[in-house]
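Please arrange chain G on chain B, whose structure you already have, making use of the hints.
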Amino acid sequence: MKILISIISLFFISFGLGVNKESLIEIFPADFPEPTYDLEKNPLSQGAINLGRVLFYDPILSKDRSISCASCHSPYNAFAHTDHELSHGISDLIGTRNAPALFNLAWQSSFMWDGAVNHLDVQALAPLTSKSEMGEELISVISKLQNSSIYPDLFMKAFNDSVVTGEHLLKALSQFQLTLISANSKYDKVMRKEEKFTAKELTGKRLFEKNCNTCHIQPLFSNYQFKKNGLEIDSTLNDYGKFNHTKLAKDSLLFKVPSLRNLSYTFPYMHDGRFSTIREVISHYTNGITDKTAISEELKEPISLTSDEKTDLVAFLLTLNDKEFVFNKKHHYPLEILKIN
Amino acid sequence: MIKALFLLVLMHTCYSMSSQSQSLAFEFTLGNQPLEIGVKTYSKSLKDSLQIDAFRFYISSVTLFNGKDSVHSLKQTHFLIDAEKKETTKLRFSTAKEFNRISFQIGVDSTTNSTGAHGGDLDPMKGMYWSWQSGYINLKLEGSSALCPTRKNEFQFHLGGYSYPNNSLTEVSLKMPKGKEKFILIPLDSFFKEIDLPFLYSVMSPGEDATQLLKIIGDSISSER
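Sequence lines, in order, name chains B and G.
Residue 43 in our numbering sits at position 43 of the first sequence, and the numbers go up by one each step.
Residue 1037 in our numbering sits at position 37 of the second sequence, and the numbers go up by one each step.
Only chain B is shown next, with the shape it has when bound in the complex (with noise of 0.2 Å):
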């Protein structure tokens, strides 16, 4: 009987993984360089992909039932919290940096303005478990989720497992943040030889490639690794970046290099979101930077733009704006599977 299970399930298991190596083609970009995110470890599934998606819409992860990770990850913010420096939490509390856009996430390697999370899988428990942000307990999310009228049967579709664990808690919501990719920008048609850049836009790539093109490395627009930019320390926060975790004096100020893609979708822009415009952000570049010994190598040389630069830097820069992937409905709440009308 063992063996005949055995059977059964192997068939399964390498039927699924037929099916998953298909989808992974369908995800991620041809013209992407090789995600890090390790497939085989967490491999592709609808039914994990929709549990994700539900889980990631749904106030019960906390603690009194009124955040969810859209609060400040919202689909029209290309998942980030526009208009907002800092995000909320429970509470109305406020937290200390500015929520981060959420695309593309499969090519990173660590997670958070300070990389203290080394994990898609376990990025989710520092928001879960914060005091500003969902203030709540692992070990309680799982016994809500488990008596809720919702939940087994979706985990039962995902895993094979009705009984909900950390684990599949966690690999759900890194499936469904997989699948949030921005490949359909204009700068991506314009690469497959799809459309055209305007003259405008055209002159700002070349100065785009003369002057940023170092850290925010195509076609990601972020080699993801960590720098420090020049801002000025923020006395309300004192927040030191990757020091915080690590308390090497070399990490002081060290904060990730975002991506600029859906940059008209995310403002505002910083790990404190002090600055409320791109035109801001070029000129903390160009001019705004006092403390010269205090920054990466990358930006030792001065960046110098004229007026009509910056303008043409910036046309380029909202080429990378992706509407299809802001109004992708498979990202949006998940009505369809929730059956709603």
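No lab work stands behind these hints: they were computed from the structure.
Quick caveat, the model's predicted, so the values are computed rather than measured.
All C-beta atoms, glycine included, are put in the ideal place defined by N, C-alpha and C.
A couple of the hints might just be wrong.
To be verified - A short list of chain G residues far from chain B (calculated; beta carbon distances all over 10 Å):
1) GLN1022
2) ASN1066
3) GLY1067
4) HIS1072
5) THR1077
6) GLU1087
7) ARG1092
8) LYS1097
9) THR1115
10) MET1125
11) LYS1126
12) SER1131
13) LEU1147
14) ASN1153
15) LEU1174
16) LYS1182
Claimed, not checked - Examples of chain B residues toward chain G, derived with CB under 7 Å:
17) PRO75
18) SER162
19) GLU167
20) LYS171
21) GLY288
22) ILE289
Same frame as chain B, but now just chain G:
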């Protein structure tokens, strides 16, 4: 007759099963008595009354040796040992081979720490995972002592750290007496003797203290009472 035969077969099966396996249990003491979680205990050697409310830790890469030769390794890579849950304190080996040394690590290795969500004993729902920063808590020891200048005299040690320079994974290698009853003893008195509770009562993040405290626990482990 058939019944008797069946019984004989059953007994034989049981016997052969037991002869192919052996087990080894963790034992914990405080004040020279078996540790009781949540019970205030006087330790003569420490001249202090302590209460332990939680004592949990991961062990990994368990291998048995006979002389220099490794005779058996446990397939399950990590075990969460919880002094409050007796069923978690026993390691079972599916081998009858004689051994005179055991080696294991206290904690979770760096690869497991950097490869996402895991299940079973490693599921973050077990409460042995930091959230604000990635990484497993290798060992939790919580309780109270009048020596601690804290609210309710509590001490809390959440010890971990997997990356340089604060890799706290701790190697343990223990000689085992041949033939006699074998066990792995953690005498908590030895730990508290080494630390200065009035000054060190809360370690909750990776760092020198965490690594050092795990080493003290590792060094205190013994196979003799």
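Quick rundown of the hints versus the structure:
Residue-level check passed: GLN1022/G sits 24 Å from the nearest beta carbon of chain B, beyond 10 Å. At roughly 32 Å, the least C-beta separation between ASN1066/G and chain B is larger than 10 Å, which holds for a residue marked as non-interface. Its beta-carbon lying about 37 Å from the closest one in chain B, GLY1067/G satisfies the requirement of being farther than 10 Å from that chain. Look at HIS1072/G: its CB is around 24 Å from the nearest CB on chain B, clear of 10 Å, so calling it non-interface holds up.
The claim that THR1077/G lies off the interface holds: its Cβ sits roughly 14 Å from the closest Cβ of chain B, which is beyond the 10 Å cut-off. Once the 10 Å rule is applied to beta carbons, GLU1087/G is consistent with being away from chain B; the minimum gap is 19 Å. No beta-carbon of chain B is positioned within 10 Å of the beta-carbon of ARG1092/G; the least distance is around 20 Å. With a closest Cβ-Cβ approach of about 26 Å to chain B, LYS1097/G is found to remain outside the 10 Å limit, as its non-interface label requires.
With a cut of 10 Å on Cβ distances, THR1115/G falls inside the contact zone with chain B, its closest approach being about 6 Å. For MET1125/G, the requirement that its beta carbon stay farther than 10 Å from each beta carbon of chain B is not met, with the minimum near 3 Å. The Cβ of LYS1126/G sits about 8 Å from the closest Cβ of chain B, inside the 10 Å cut-off, so the non-interface label is violated. With 10 Å as the threshold on Cβ separation, the claim that SER1131/G sits away from chain B is violated: the shortest Cβ distance comes to roughly 4 Å.
Taking the minimum C-beta to C-beta distance to chain B, about 27 Å, the non-interface status of LEU1147/G holds against the 10 Å cut. Remark: the non-interface label on ASN1153/G is consistent with the geometry, its nearest Cβ contact in chain B lying 24 Å away (cut-off 10 Å). Remark: the non-interface label on LEU1174/G is consistent with the geometry, its nearest Cβ contact in chain B lying 32 Å away (cut-off 10 Å). With a minimum CB-CB distance of about 32 Å to chain B, LYS1182/G clears the 10 Å threshold, and the non-interface call stands.
The criterion of a C-beta within 7 Å of any C-beta in chain G is not met by PRO75/B, whose closest approach is roughly 24 Å, and the hint is violated. With 7 Å as the threshold, the beta carbon of SER162/B stays out of range of chain G, its nearest partner Cβ sitting at about 15 Å, so the hint is violated. Interface hint at GLU167/B: satisfied, since its Cβ lies 4 Å from the closest Cβ of chain G, which is below the 7 Å cut-off. Nearest Cβ of chain G to the Cβ of LYS171/B: about 5 Å, under the 7 Å cut. The hint holds.
Hint status for GLY288/B: violated, given a least beta-carbon distance of 30 Å to chain G, over 7 Å. Restraint check, ILE289/B versus chain G: the minimum CB separation of about 29 Å is more than 7 Å; hint violated.
Going through the hint list in order, the structure does not satisfy hints 9, 10, 11, 12, 17, 18, 21, 22.
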